[in-house]
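Chains as they are written, first to last, in our numbering: chain A, 1 to 148; chain B, 1 to 143.
Simulated from the structure, these hints should not be mistaken for laboratory data.
Just so we're clear, the structure is a prediction, and the values are computed from it rather than from any experiment.
Careful: at least some of the hints might be erroneous.
[Said to hold, decoys possible] With the Cβ distance kept under 7 Å, some of the chain B side facing chain A (calculated, not the full set):
(1) A16
(2) Q31
(3) S67
[As the list claims (entries may be wrong)] Covered stretches of chain B (chain A as the covering partner; in silico rule of three or more C-beta atoms under 8 Å from a C-beta of chain A):
(4) 35-41
(5) 72-81
(6) 107-115
[As the list claims (entries may be wrong)] Some chain A residues well away from chain B (every beta-carbon gap over 12 Å; in silico):
(7) N4
(8) P37
(9) A77
(10) H94
(11) D110
(12) E126
(13) S128
(14) T139
Beta carbons: idealized from backbone N, C-alpha and C, even for Gly.
Letter by letter, the chains look like this.
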Amino acid sequence: MAVNASFTGHTYPATPPYAVGREKIREFAEAVGAHDPVHTDRAYARARGYRDVIAPPTFAVVIAQQCDRQFIADPEAGIDFSRVVHGEQRFVHHRPLTAGDEIVGVLTVDSVREAGGHAMVTTRSELSTIEGEPVCTATSTIVIRGGE
Amino acid sequence: MNRAVLAVSDVEVGQALPPLAIHISRENLVQYTGASLDRNRIHWDERFATSVGLPNVIAHGMFTMGSVINIVSDWVGDAGRIVEYGTRFTKPVVVPYDSGADVVVTAVVAAVDDQTKRATVELTAMCGSDKVLGRATAVVVLD
Numbered sequence: 001m002a003v004n005a006s007f008t009g010h011t012y013p014a015t016p017p018y019a020v021g022r023e024k025i026r027e028f029a030e031a032v033g034a035h036d037p038v039h040t041d042r043a044y045a046r047a048r049g050y051r052d053v054i055a056p057p058t059f060a061v062v063i064a065q066q067c068d069r070q071f072i073a074d075p076e077a078g079i080d081f082s083r084v085v086h087g088e089q090r091f092v093h094h095r096p097l098t099a100g101d102e103i104v105g106v107l108t109v110d111s112v113r114e115a116g117g118h119a120m121v122t123t124r125s126e127l128s129t130i131e132g133e134p135v136c137t138a139t140s141t142i143v144i145r146g147g148e
Numbered sequence: 001m002n003r004a005v006l007a008v009s010d011v012e013v014g015q016a017l018p019p020l021a022i023h024i025s026r027e028n029l030v031q032y033t034g035a036s037l038d039r040n041r042i043h044w045d046e047r048f049a050t051s052v053g054l055p056n057v058i059a060h061g062m063f064t065m066g067s068v069i070n071i072v073s074d075w076v077g078d079a080g081r082i083v084e085y086g087t088r089f090t091k092p093v094v095v096p097y098d099s100g101a102d103v104v105v106t107a108v109v110a111a112v113d114d115q116t117k118r119a120t121v122e123l124t125a126m127c128g129s130d131k132v133l134g135r136a137t138a139v140v141v142l143d
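Pulled out of the complex, with its shape left as it was, chain A reads as follows (with noise of 0.2 Å):
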């Protein structure tokens, strides 16, 4: 099934604020194995610079895939979720997720493009602030397996 070609550069409205709490820092730091203590000592934290517990390097990506959601769950963009794998992740830190931080996402769907019978699109999520201070730029290519 062919994923719709026309949505190359098209641009989601903000999604609602993400509320980074303090817990689910701490939850996804140990997840992966993260034992930095910036993540889960507020002290630790505040003496490094930090306003609060700083998140993970990859934990924007909870974020970054509910922006994504717009796209693969639209109907109209023609992606069967059983068939996808991802293929890239890459993510810009403009300064460390941070406790406290309510978060919006601008998901921008940057390419669609075929290759050997596979779809592959390349998503972008801009993460700022609801004061509009630019955080973290989240990119990923999902690969969408062709039928056999």
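Go by the hints and put chain B onto chain A.
Below, chain B without anything else, positioned relative to chain A:
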């Protein structure tokens, strides 16, 4: 006591980071499923995973990516100094019920900029003879 962040004067191109060994069990995948909200059944339901043609349950690519970067956080001394991190997912990490999976992570400094105090680190993650991440690169800001 906060440990010191690595100084740019202590880093040079070609330097190897202390390696990292990661053992992955089904329990780790269930824990990551909950923490990340990525509840795709291929990561925790063996019957489902094999029904869609996979050899067994596979780890979330993002679980592997998130675990592998600890090699850099531990080395630099502050996870907040990682300003860029990207990778391709080249091979799935298959996680059998009994044995789990073992990933060995190594990393080498590829570039250092004394002006901006930024260093680029190239990471390699091996599961047996499979290279599970491709072009995995992180950029850190040093002291």
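Each hint, compared with the structure:
1. A16: violated (20 Å)
2. Q31: holds (5 Å)
3. S67: Constraint on B/S67 satisfied, holds at 5 Å.
4. 35-41: As far as the region 35-41 of chain B goes, the hint holds, because 4 residues have Cβ atoms under 8 Å from chain A.
5. 72-81: holds (count 5)
6. 107-115: violated (count 0)
7. N4: Nearest chain B Cβ is 23 Å from A/N4, so the label holds.
8. P37: violated (8 Å)
9. A77: holds (18 Å)
10. H94: Non-interface label fails for A/H94: nearest chain B Cβ at 8 Å, not farther than 12 Å.
11. D110: holds (14 Å)
12. E126: Holds, since 15 Å exceeds 12 Å.
13. S128: Consistent with the label, A/S128 stays out of reach of chain B, its closest Cβ about 16 Å off (over 12 Å).
14. T139: At about 8 Å from chain B, A/T139 fails to clear the 12 Å cut-off, so the statement is violated.
Comparing the model with each earlier hint shows violations of hints 1, 6, 8, 10, 14; every other hint is respected.
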